[in-house]
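All chains should be built: construct the whole structure from the sequences, respecting the hints.
If you're matching them up, the sequences are chains A and B in order.
Residue 22 in the numbering used here sits at position 22 of the first sequence; the count goes up by one each step and never skips.
Counting the second sequence from 1 gives a position; the numbering used here is that position plus 1000.
These aren't lab readings, by the way, just hints derived from the structure by calculation.
All C-beta atoms, glycine included, are put in the ideal place defined by N, C-alpha and C.
Fair warning: there could be bad hints in the mix.
Derived DSS-like pairs (lysine-lysine); straight-line CA-CA distance at most 25 Å [claimed, not checked]:
1) A:Lys14 <-> B:Lys1047
2) B:Lys1030 <-> A:Lys14
3) B:Lys1009 <-> B:Lys1022
According to the in silico footprint, chain B covers these stretches of chain A (three or more CB under 8 Å from chain B) [what the hints assert, rightly or not]:
4) 20-30
5) 69-77
6) 85-92
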Amino acid sequence: MTEVKPEILERIRKGETALFREIVDTYRNMALSLTMKILKNREEAEDALQESFIKLFRALVSNGFESRAKFSTYFYTIVYNTAVDYYRKYYSRAFNVTSIEVHEAYYNDGDELTRDFEPMIDRSVYGEDSLSTEKNLDIAEVQRIIRGYINTIPQQYSVILNMFFINELSHEEISTILKLPLGTVKNRIFRAKEKLKEILFREFNKEELIEYIKV
Amino acid sequence: MNDFNEIEKFLDSGIKESLSVKTRDDFSDKVMLEIKMIQEFERQDKKTGKLFNVMIAGVFTVIIMSGVLLAYLLGISGGSGESSESFLSPVSEFFDALGYKLSGIFGFAPSGEVFMYIFLAAAAAGVYALIDRLVIKRGYN
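Pasting the structure below:
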């Protein structure tokens, strides 16, 4: 877990502005990942992130941040709220992380996770059958599938996954920042992983994949 | 480690890798530059704020001192002092004449002393407006 030492924060508060660069360097990539999940555009995501850092700096020098609070939670709350504000400004609608829109008549639980992903799979390579045991395991292809899946899941999932895996926030912290029930947070992470597992085992030989993973 | 844990670990690292992005190389420089600019603006604002306070204090001091001085001079004038009479009498006579004319129009005649106070207040407001326009507002721009 990446956490800034309290003495660094104190020194910044007392005027050692140059030390703030350490915070920027430590968090910039992890935080950009979060703003990208919300805004889906690099320019806007970097703008939102830059503003988040400025807000953080102002909060530090004006004692807005209480040292009793956990720094990363405080920072990612700023990042999330700023990105959501940008989203509202650019898309003229509120960012919805709570409910998942379902329009299909034959909707099954979890279908929304692969709604945009399934069309990406090249059936001429993989065939229509559920298991392609003939196919040799190509790890680059495995990674491509994981990446494709992650990049196409709804934001209601990707934001939570990002907070959990990249921003290293706990279920409770995510629940607090997003104002979602703890059970919903846990459930979405679980379902997203289960669906990915299902896709991989459908596309590749399970035993072969496990053998590769073990190596 | 069993298969289940191996798969979980593999998925976790795959998800992490897929979620990761990187900022542009000069991102930190940009943030630090903006912070430097913000600090510079704040320093300038503080300076202007101090100047503003000094100006306000100066203007009020001038107004109060002028009031005291005028009251003193009018007091001497009222006491038929020869020296002050020679200094204030043209002004006083002008205001008396103005008061006389106004009485013909409105039916009442404020004394020259009242006009003097009104004139003084207007002059003080004019000086303040001038300082505000030339010094204080320019300082913020």
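A quick look at each hint next to the structure:
| no. | hint | verdict |
| --- | --- | --- |
| 1 | A:Lys14 <-> B:Lys1047 | holds (20 Å) |
| 2 | B:Lys1030 <-> A:Lys14 | holds (22 Å) |
| 3 | B:Lys1009 <-> B:Lys1022 | holds (23 Å) |
| 4 | 20-30 | holds (count 6) |
| 5 | 69-77 | violated (count 0) |
| 6 | 85-92 | violated (count 0) |
Violated hints for the displayed structure, listed by number in ascending order: 5 and 6.
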